[in-house]
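**Q** The chain contents come next:
2 protein chains.
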Amino acid sequence: MNNFTFYSPTFFSFGKDTENETGAYIKRFGGHKVLIHYGGGSVVRSGLLDRVKASLDKEGIAYVLLGGVQPNPRSGLVYEGIELCKKEDIDFILAVGGGSSIDSAKAIAAGVVYDGDFWDFYCGKPIENALPIGTILTISAAGSEGSPDSVITYEEGMYKRGASGDAIRPKFSILNPALTQTLPAYQTACGITDIMAHLYERYLTNTKEVEVTDRLLEALLLTMVHEGPRVIVNPNDYEARANIMWAGMVAHNNACGVGRSQDWNSHNIEHELSALYDCAHGAGLAVTMPAVFTYVMEHNVMRFAQVAVRVWGCQMDFEHPEVTAKAGIEALRNFLISIGMPKNFDELGAKEEDIPKLVDVLCNGNGRTGTISGFVELNEEDCTNIYRLML
Amino acid sequence: MNNFTFYSPTFFSFGKDTENETGAYIKRFGGHKVLIHYGGGSVVRSGLLDRVKASLDKEGIAYVLLGGVQPNPRSGLVYEGIELCKKEDIDFILAVGGGSSIDSAKAIAAGVVYDGDFWDFYCGKPIENALPIGTILTISAAGSEGSPDSVITYEEGMYKRGASGDAIRPKFSILNPALTQTLPAYQTACGITDIMAHLYERYLTNTKEVEVTDRLLEALLLTMVHEGPRVIVNPNDYEARANIMWAGMVAHNNACGVGRSQDWNSHNIEHELSALYDCAHGAGLAVTMPAVFTYVMEHNVMRFAQVAVRVWGCQMDFEHPEVTAKAGIEALRNFLISIGMPKNFDELGAKEEDIPKLVDVLCNGNGRTGTISGFVELNEEDCTNIYRLML
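Going line by line, the protein sequences match chains G and B.
Residue numbering for the first sequence follows the numbering used here, starting at 1 and increasing by one per position.
Residue numbering for the second sequence follows the numbering used here, starting at 1 and increasing by one per position.
The reader is advised that the hints may include incorrect statements.
Which copy? The list can't say, so a pair holds if one copy fits it or any two copies do.
Stated by the list, open to error - Derived pair list, reagent style DSBU-like, types lysine-lysine, alpha-carbon separation capped at 35 Å:
#: 1; residue 1: Lys-351; residue 2: Lys-171
#: 2; residue 1: Lys-351; residue 2: Lys-125
#: 3; residue 1: Lys-16; residue 2: Lys-208
#: 4; residue 1: Lys-326; residue 2: Lys-27
#: 5; residue 1: Lys-87; residue 2: Lys-125
#: 6; residue 1: Lys-16; residue 2: Lys-125
#: 7; residue 1: Lys-208; residue 2: Lys-53
#: 8; residue 1: Lys-86; residue 2: Lys-326
#: 9; residue 1: Lys-58; residue 2: Lys-125
#: 10; residue 1: Lys-171; residue 2: Lys-53
#: 11; residue 1: Lys-351; residue 2: Lys-58
#: 12; residue 1: Lys-27; residue 2: Lys-86
#: 13; residue 1: Lys-171; residue 2: Lys-27
#: 14; residue 1: Lys-33; residue 2: Lys-53
#: 15; residue 1: Lys-208; residue 2: Lys-125
#: 16; residue 1: Lys-27; residue 2: Lys-53
#: 17; residue 1: Lys-343; residue 2: Lys-86
#: 18; residue 1: Lys-171; residue 2: Lys-16
#: 19; residue 1: Lys-33; residue 2: Lys-171
#: 20; residue 1: Lys-58; residue 2: Lys-171
#: 21; residue 1: Lys-86; residue 2: Lys-171
Worth flagging that the hints you see were computed from the coordinates, not collected in a lab.
Everything numeric in this text was worked out from a predicted model, so none of it was measured.
All chains, full assembly: derive it from the sequences and hints.
**A** Okay, here's the thing in structure tokens:
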């Protein structure tokens, strides 16, 4: 196991009606004037925004609203949020929504207290400081509610890049599984896929002897395999929603990924798809993961055989471990199709003729020099082959 | 799943040589004058204490030493530590050792800033405030390095009781698996048993539909089953020590126990054994757990069958699930024996004629009124029967 540090100081309030405690938590974590940052109409229509406002009013906390966060959140709204916070003397940012709202809130929080361009943080500059952030989660997916990460798309060039730092970990996150019950099945499945991708990206490691994190990652994958189909069949299944919601947080706060190299090539390869086609990140991952895993399987057949046996219940073929390894990848692909995810470029709305452009931005954009690194280092030819496996 | 809150703000520094960063972490978390609290000679003999002192000297941090913590730490030294901290204007407590040193440090930390008797906290008074605490862990066992818990034995009457509160969660914990390599096999095995007990106590729940935490607990049990025998065979196996060390923390910071009722009857029943005979807590648990589980198995046969199949690899007997359930308890017992743990009263140094006394203190001592509650509520007759199963 590699040396590591781990720090996850977010306070989690989990369960029914917990959003009514929002005002009290903002007070506890020092907020006086809040930017409430959210996406579209569902937060308004469901009455959630009104309940949150009532909770802040009860504690005498002032607030300003900034809605309009899109999936694959954009730099334009981040700049707008930073200006608004400065103008209004905001000292706390509350994200209400999914990973997009939370990631946009994190970018704003870091940008407000920084003299330069917030995009510097997404080009590698460490985040040293940020306004405190709270979140109310409405979809189990990104894990941003418990992570130090944020992904933003820069509109000029449509670069989709990530930033990370303990300063943008939320002070508190409110996780009420009931808030996810109104999600359409497709979005729910996209979230499930994203969570599974966070687990696979950590699972694909080159570090030896990491039994404890292997087992924890497998535990969360098994949970998704068990609970995922239940919420697709019955969106109102609170218990299944609850199990997925906690799994989604633990999958990405890195308690299960410490001390080991990680992959993240599937995320990198997918990010170009959702940046170009504005498809759902989870849907893009559903198409990307089986292609990447098929392409890199030879790098460590036994690792793919292990997840096939332990998670997908495949029989180990001791004479031909690659048969088991492949069976596990097929089981993942079939599972994702079974919950309603796309299986290829066509279903995703991606185009074969764009592959050279996708590969170029992926491998050469934003400071990269011809390759992406992870479980396996991939060059332009590799990435071309991987995109072609998705046709 | 039940509503819950979860808060684990401890900063963990994990890996080789991490104890040399102690001074820097104390500075980061606001300490200026430190009580270094530890047990016996091994911390001195191994040179660890000297390395820690050098790290504090380097940062210009003053310190006072208080050694002498015993296994099953006692109230007497806690009172001494509180007086010393007041006299010396200590503002930070550093525990160097295992659960005993850490639990004693937590009691001192809470007691220093409290006008009354620190024992109030161990009789149910909530802990609101405490001096900040740091830890350097030298045995994987109690999980106190990441937990809000402390267990102390009150010398007058030899009551062994626990207290809990976020205020006594360590600010930082330094986990260097190499520091555990010098432990004798017996102590190592006691630690493994304690970690497994923390997992079983959470596993035995009456809350339905808790797949995510079930799976996480099973993951950690599987890790112990895989790594435990490796360190008994080869105490210098750093990788196995590392896997056990992280598992021990995650097992008890409650990330895997949230939203579900828990048991803790095995701990309660064992505490009377280690309080009366001063045996190792882990050794007591090795004798206690199979007896308790055998006695309460009928309460939920399928739960015991589940752990038997998923952790111990037992075949499910679909016609007679109780056969599988029993096989899982036997597998646990045999595993504990295989790593060198005692299997009965005799090997533990306990005496049959003491059972009435053990039961009386257990069920009626320190505010209890004839029963202990957990997975199953147990009265004096039940507890007598359970102790008799250990003969």
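**Q** It remains to establish, for every hint, whether it holds in the given structure.
**A** Okay, the hints, checked on the actual structure:
1. Lys-351 - Lys-171: Neither: 41 Å inside a copy, 52 Å across copies.
2. Lys-351 - Lys-125: within (34 Å within a copy, 65 Å between copies)
3. Lys-16 - Lys-208: Answer is between; shortest inter-copy Cα gap is 16 Å, intra-copy 41 Å.
4. Lys-326 - Lys-27: Neither, since 52 Å and 51 Å both go past 35 Å.
5. Lys-87 - Lys-125: within (25 Å within a copy, 46 Å between copies)
6. Lys-16 - Lys-125: between (39 Å within a copy, 28 Å between copies)
7. Lys-208 - Lys-53: Result: close only across copies, 34 Å inter versus 50 Å intra.
8. Lys-86 - Lys-326: neither (53 Å within a copy, 65 Å between copies)
9. Lys-58 - Lys-125: between (39 Å within a copy, 30 Å between copies)
10. Lys-171 - Lys-53: both (19 Å within a copy, 34 Å between copies)
11. Lys-351 - Lys-58: neither (52 Å within a copy, 60 Å between copies)
12. Lys-27 - Lys-86: both (20 Å within a copy, 32 Å between copies)
13. Lys-171 - Lys-27: both (11 Å within a copy, 22 Å between copies)
14. Lys-33 - Lys-53: Result: close within a single copy only, 12 Å intra versus 45 Å inter.
15. Lys-208 - Lys-125: within (30 Å within a copy, 46 Å between copies)
16. Lys-27 - Lys-53: within (14 Å within a copy, 40 Å between copies)
17. Lys-343 - Lys-86: neither (45 Å within a copy, 67 Å between copies)
18. Lys-171 - Lys-16: Both, since 20 Å and 30 Å are each at most 35 Å.
19. Lys-33 - Lys-171: Both: 15 Å inside a chain and 29 Å across chains, each within 35 Å.
20. Lys-58 - Lys-171: both (20 Å within a copy, 32 Å between copies)
21. Lys-86 - Lys-171: Both. Shortest intra-copy (21 Å) and inter-copy (33 Å) distances satisfy the 35 Å Cα cut-off.
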